[in-house]
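S.K.: The lines below spell out each chain.
There are 4 protein chains.
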Amino acid sequence: MIVVLRQDTKPEQMDNLKAWLHSMGLETHVSVGHNHTIVGLVGDTSKIDIDLVGSLDIVESVRRIQEPFKNANRKFHGEALVVDVAGTKIGGGNFQIIAGPCSVESREQVCYVAECVKKSGAGLLRGGAFKPRTSPYAFQGLKGEGIELLEEAKAHTGLPIVSEIMNITHLPMFEHVDLIQVGARNMQNFDLLRELGKTNKPILLKRGLANTIDEWLMSAEYIMAGGNENVILCERGIRTFETRTRNTLDLSVIPVLKKLTHLPVIIDPSHALGYAHMVKPMAMAATAAGADGLMIEVHNDPPHALCDGAQSLTPEAFDDVAKAVFQLRPFACKYE
Amino acid sequence: MIVVLRQDTKPEQMDNLKAWLHSMGLETHVSVGHNHTIVGLVGDTSKIDIDLVGSLDIVESVRRIQEPFKNANRKFHGEALVVDVAGTKIGGGNFQIIAGPCSVESREQVCYVAECVKKSGAGLLRGGAFKPRTSPYAFQGLKGEGIELLEEAKAHTGLPIVSEIMNITHLPMFEHVDLIQVGARNMQNFDLLRELGKTNKPILLKRGLANTIDEWLMSAEYIMAGGNENVILCERGIRTFETRTRNTLDLSVIPVLKKLTHLPVIIDPSHALGYAHMVKPMAMAATAAGADGLMIEVHNDPPHALCDGAQSLTPEAFDDVAKAVFQLRPFACKYE
Amino acid sequence: MIVVLRQDTKPEQMDNLKAWLHSMGLETHVSVGHNHTIVGLVGDTSKIDIDLVGSLDIVESVRRIQEPFKNANRKFHGEALVVDVAGTKIGGGNFQIIAGPCSVESREQVCYVAECVKKSGAGLLRGGAFKPRTSPYAFQGLKGEGIELLEEAKAHTGLPIVSEIMNITHLPMFEHVDLIQVGARNMQNFDLLRELGKTNKPILLKRGLANTIDEWLMSAEYIMAGGNENVILCERGIRTFETRTRNTLDLSVIPVLKKLTHLPVIIDPSHALGYAHMVKPMAMAATAAGADGLMIEVHNDPPHALCDGAQSLTPEAFDDVAKAVFQLRPFACKYE
Amino acid sequence: MIVVLRQDTKPEQMDNLKAWLHSMGLETHVSVGHNHTIVGLVGDTSKIDIDLVGSLDIVESVRRIQEPFKNANRKFHGEALVVDVAGTKIGGGNFQIIAGPCSVESREQVCYVAECVKKSGAGLLRGGAFKPRTSPYAFQGLKGEGIELLEEAKAHTGLPIVSEIMNITHLPMFEHVDLIQVGARNMQNFDLLRELGKTNKPILLKRGLANTIDEWLMSAEYIMAGGNENVILCERGIRTFETRTRNTLDLSVIPVLKKLTHLPVIIDPSHALGYAHMVKPMAMAATAAGADGLMIEVHNDPPHALCDGAQSLTPEAFDDVAKAVFQLRPFACKYE
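So the protein lines, in turn, are chains C, G, W and R.
To convert, take the position in the first sequence, counting from 1, and add 108; that gives the working numbering.
To convert, take the position in the second sequence, counting from 1, and add 108; that gives the working numbering.
To convert, take the position in the third sequence, counting from 1, and add 108; that gives the working numbering.
To convert, take the position in the fourth sequence, counting from 1, and add 108; that gives the working numbering.
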C-alpha cells in the first residue's frame, strides 16, 4: 500500500501515523520529495481498511499494490480450485453446463427438462424456487415446494441441483441442494454471505449488476473467511446504457479472474442478454475464452405459446448450443 | 400497456393471448396495421408481470403506459405524504436534517455529536450500528451495543434516531429506533422489504447504486404492499465512470419523484460524494431543488487527526452548512 | 411508430397532428382507449425525427417499431455485405485479421511488423499516423509521414493498409489508404461522416465509448446515405465503472448486429481491454461468436523494454493468437 | 508521479528508465521495498505521457499526484477567471443566464425570444445554427443563415450571441459570434480544439456524454495550450442507465471544478434532463451550488402545439425560472 501525504503534514502527525501503522504489524518506508511525502507499507495489508487510511486528514491519496483479498487470491493458491458438487467437478480443467428452467413450475416440467438437458450433456440442473422479483405483484416462485420438486428431478436423473437462496432463514430448506446460488442482488448481502461461509455447501456467487470485479472477489472473501472455500464465480451481465441487450455481458472477467483468483468462473448468457437468439454465440464465446462452465436457461416445449420465456431455450435449441460448445471446448483458451 | 405483436402471429395465438388477458380482468383493444398488430390493455395493469408478457413468442415488444406501482403512485394520493417520526414530521412542507456519525463509536462520541447537531438545527440523529462493509476484515459496527448508545443519545437530546438494518432477524433490536434505514445494497433485498412492510415503523429507503428510479419505487411498493405506508426515499449517489466523486449524486430525482410519487425525498450528499468539501454546495443544491430533507455525516472533533473521516463534517462545519441550508430553504422550489 | 397521446388532447390538436403526419406521407391508425389515445403510423418512418414528435405538447410518449436506419438495415438487404478492401474481402464468410502497430514510428518498425503479421496470417496492416490523444502534450503521430511509411510497408508486403482519419481536410493524404478508420471519439463527428459518405473508400467505423448500438448504426447510415455503402463496424469497448479493464468489451454486439444489419462486424480486443494478456482469450471469444474479423495491435520486439506497449503483442505472441483464432474459426457461430 | 515497478525488474532496466526520465528533465526518488520498488518523479510531469510510462514492461502501475493539465489548473492561477464576452462578464462572481432557442428557425422567432429573455434578465442569447443530429434525416439547422439571424437579434437587443461550431472550416462564419460553443460530441475533436486555441474568441466547452472531469479539463487544456485562455466549462449531463431523465445532470462538477480550475462553470439543465418541468428545480440547484451561470432553452409561444419542444420553456416559464434563480443567487455557495 502506498500512502501519499499532503504537503503540509506536520512531523508529529507523520509520527502518529507511523506509530498507528506499526501497531498493526506493518513496516513503513518513507520517501520525502519536494512536493509530497510517500509512505510505503510493507506487510500484510489485506486486513487494512483502505477507506479509513484514505480518510485521514493528512493523506492526499492511498492505493493498494496488494489485493485486499487473501483467501480468494491466486497468489496464495498454486493451483486452480476444483469444486466438487455432489461428485460433479467444476474448475481446474473440468467444464460443466448448468441448465434448467428459470422457475420451477411443476413436477412434470422440471423432470422433463432435467432429462432433456442431461441427454444433451448438462452436468447440473438449475431451477428457481425463490425468485427475486422487482415487483411485489410478480410470481415469487414455488418456494419450499419448488426445492422439493428439484430434489425429485435429482432423484430421477442423478443430476446435482442448483438453486438460489434469498434469505439465511431459508437455509434448512437447502439441505439437499448441492450448489447454493447467491443472486446478483444479494452479492453484497454481507450477513447472508457470512452465514454461508459457515456451511460446507459449494456456493455459486453471481456478480452484482454494478459491482466491480474487486468487490465481487471481496464478497467471495466473506464466504471464504468463514471457512467455506468452495466458491464458484458466475458473471451474468452488468448494467450499462445499452438497451439492445438486457445487460452487458462482460466476458473479459474470464482472463481478469484467471489472473487474480484460483476460483472457477462460469458464465450465464441467458440472464445477461435476455434474448434466446444471443445465447448460442455468447455461450460459444465464453467457452472459447476459457470459462469453466456455463449456466443456461432451458424451458420445456410449451403446450401453447404463452409461457415461452424470451431468454429460455427449448430443449432442442439447448441441444444445439451444447453440441456447439462441446465441439469448441478442446480448442478453448487455457490458463497455466 | 401496449403490446406489439409480431407480423407472423396466427389468429389462434392472438385469441389465446386475448383470453389470457381477459382472465386477468383486462380489456383489450386491437389495432391491425400493415406490418404490426397493436394490442392496448385497459384496466389495472399494475399487477401484470411485464416480463412474462414480453417473453411470449408472439410479442415483439411491450411497454407500460401506467406505472407498475400503485401504493407509491402520486396519481392515487392527492397530497404529499407527511411521515411522523416520533413526533418529528418529514414531507409535505416539513424539512428536516438528519445528522450524526457514520458509525457509533462510544457513548461520549454519539452524545456529543447529538448535542452539537441538535444545537445547529438537526431534527433527527443518525448513527450506524450495523455497518455494511465491502471487506470482511473492516470494522462492522458496534451492533446491538451501538443501538443502545443511540438510544442513550436520544434520551439525552430528545432527537428521534435513525439506524440501518441489514438483516430481518435483527428487527427486535430496532424496537426503539424511530426510523429504520434500508441501505443501498439492500434496496432489492426483497425479503427484508416485505418483512418491514409488516411493521409500523417509518422506513428510510436508500436508492441502490445502479438502480433506476422505477426500481426504487417498486422497492417502496414492496414495503407499502404489506401495509406500511410510511416510506421516505433517500438518494445517495449512483455509480458511473466518474472518479473525482465517490458516486454521482443524481439530484434530478427530486423533480422526477415529486411527479411520480407522494413520498418524501431526502438527499444524502455525504455518502454520495465522499469528500467533506462538497457536502455544503450539494446540500444547498438539494435544498434549492426542493428536497424534503438532508442526511449528513457529522463526526466529533477528533483528539488526533487519525479518524477524521474525509466525508464527515466537524460539528462546526456542519453548523455552517445548516445555517446556509436554513437560509436558502424559504426560497426553495415548491411542488404543488 | 406508435404515438401515445395525453388524456387531455383536444380534437383539433389531434387533427393538426394527423394532418402534419399525412403531409409527410404517413398513414395514421387511431385507437381510442379509456385513458389514452394511441396513434399508429404506417409508412416510411425512417426519416421522421422522433425527438420532434416526442416533444409535442400533446404526446405522452413515442416509440419506434421500425428501426430509424434504412441503408444499414438488414431487412432491406438479403445478403451479408462483403467489403472488398483492395482485393481482400471482409464479411459474408470472409474473416480477416487486421494487425499492426498502434502508432507508426519508423520505416524499419512498420515494415518489420508488416512482414511478421503477414507471415502469421493477417490480411491487412494497421498503423496510426494521426493519433487522437487526451493530452495536447502527448505524441500526436507522424501524420503525413506516417501514412507514407504505411504505403511503403504495403509496397513491401502487399497488405492493404488501414489508418485513422481525424479531420476531413486530411482526406487527400488518405488517397492510398485502403480502409479509412473513424475512431471512437469521432463516431458522432457528423460532418466527417457525411464527407466520407461522398468518397468511394471502405470505412471502418468504431463504436463510441458511450454510444448505443442504434446510434452506431445511425452513424453508419450517415456514411451510407451519401452513397458509400462499404462500411465495416468495429467494437472497441464501452465505458463502464469497471477498472480492471480499460473499457468493457461488449461482444454481444455480434449477435445484435447480425440481426439488425448486413454490415460486417469486427472486434478490437487490444484497445478495449488495454492489457496484452487479455487479447488472446477475447480474440478467441470474438471469433467463436462469429465476428467477421479482428483488429489487433502488434509491436516489433523492442531493442530495450521502454516502448513495449502494455496492450500490444510481440510478433511471437501475435502468431500464437492467430494460430488459436484460425484453429477455432471453422467451429465459429454462423448466422443465416 | 509515482511509478511502481514489477518485482522482477533488473538493475539495468531500472537504469534505462531513470536515464530516460532524467532526459526529460525529471528527478527520480527510488524507494526499494520487499515486494516492490517505487520511483517518485519530481519536476514538471504535466507533459509526460502517462500511458507510455504505464505501458513499459517493467512498470506495474503508475499514477499522477500532480494533475496532467497546467493552463487550466487552479494551482497556477490565483484568481477565478472572468471571461469577457463582448462586454458581458462571466465568472469570478459574475453570474449570467444564456437563453434562447435550441434551433434558430426564423427572424421573427429569434428576435422575439431574444427580447423576451433579455427582459427576464438573460445576459446572452443562444441559438443553434449548425445542429449535430443523430440521424442524417433530421433537421440539421439553418447553418450560415442561422448565424446571420442571430446577428440580427444581437443588433436588435444588444445581447452577445452564442452558437455551436461543428467543423473548423466553418470558423469564418463565426466571426461575429461572441462565444463559440463546442458541443458534447466534439469535446474530444482534438483538431477542432487545437484550431480554436489559435483564435481569440471565448469558447464554451461542453462536457462529453461519457467523459470524466479530468478529460474535460484536458480538452480545455488543448484550447488553452494554443494561447486562448478564455474557456468556459458547461455541464450538460452524462450518460447512465437511468431512463426517467435524458441524461444524468452531474451538479457535483461545481465543487470539483472550483477546486481544480479557475475557469468559470455553467450548467445546462435543458439538455441534461430533456423535460421542461425539471428545468426550474435544477436551475435553482445549480445556482445554489455556486455555478457561474446557466444555459436554458427558451422557445417562442407556438401558434399551434406542434413545435413546442419538451425541453424548452416558454418565455413566461423562463421568466418564472429567472426570477427564482435571481432570488436565490445572493444566498448561493461561494468559493474562496
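These aren't lab readings, by the way, just hints derived from the structure by calculation.
Check before you lean on any hint, since a few could be wrong.
Put simply, identical chains are the same to the list, so a pair is met inside one copy or across any two.
Claimed, not checked - With a straight-line Cα cutoff of 27 Å, these simulated DSS-like cross-link-like pairs (lysine-lysine) come out: (1) K309 - K197; (2) K226 - K197; (3) K251 - K431; (4) K251 - K126; (5) K309 - K126; (6) K178 - K126; (7) K431 - K442; (8) K442 - K226; (9) K306 - K239; (10) K251 - K306; (11) K226 - K306; (12) K226 - K251.
S.K.: Now, for every hint given, state plainly whether the structure supports it.
M.R.: Hints versus structure:
Only within a single protomer do K309 and K197 lie at most 27 Å apart by alpha-carbon distance; the minimum there is 14 Å, versus 47 Å between protomers. Proximity of K226 to K197 under the C-alpha cut-off of 27 Å is restricted to the intra-copy arrangement: shortest distance 15 Å within a copy versus 42 Å between copies. For a Cα distance limit of 27 Å, the shortest separation of K251 from K431 qualifies neither inside one copy, at 33 Å, nor across copies, at 49 Å. Taking the shortest Cα distances, K251 and K126 never come within 27 Å of each other, neither inside one copy (54 Å) nor across copies (30 Å).
Proximity of K309 to K126 under the C-alpha cut-off of 27 Å is found in neither arrangement, the shortest distances being 42 Å within a copy and 46 Å between copies. When the C-alpha separation of K178 and K126 is checked against a cutoff of 27 Å, the pair qualifies only within one copy, where the shortest distance is 24 Å, while the shortest distance between copies is 33 Å. Taking the shortest alpha-carbon separations for K431 and K442, both the intra-copy value of 20 Å and the inter-copy value of 14 Å come in at or below 27 Å. For a Cα distance limit of 27 Å, the shortest separation of K442 from K226 qualifies both inside one copy, at 26 Å, and across copies, at 25 Å.
Taking the closest pair of Cα atoms, K306 and K239 come within 27 Å of each other both inside a single copy (24 Å) and across two copies (20 Å). Both within a single protomer and between protomers do K251 and K306 lie at most 27 Å apart by alpha-carbon distance, with minima of 23 Å and 20 Å respectively. For the homomeric pair K226 and K306, neither the shortest alpha-carbon distance inside one copy (31 Å) nor that between copies (43 Å) is at most 27 Å. In this assembly of identical chains, K226 and K251 lie within 27 Å of each other by CA distance solely inside one copy; the values are 24 Å within and 47 Å between copies.
The structure is inconsistent with the numbered hints 3, 4, 5, 11, although it conforms to all the rest.
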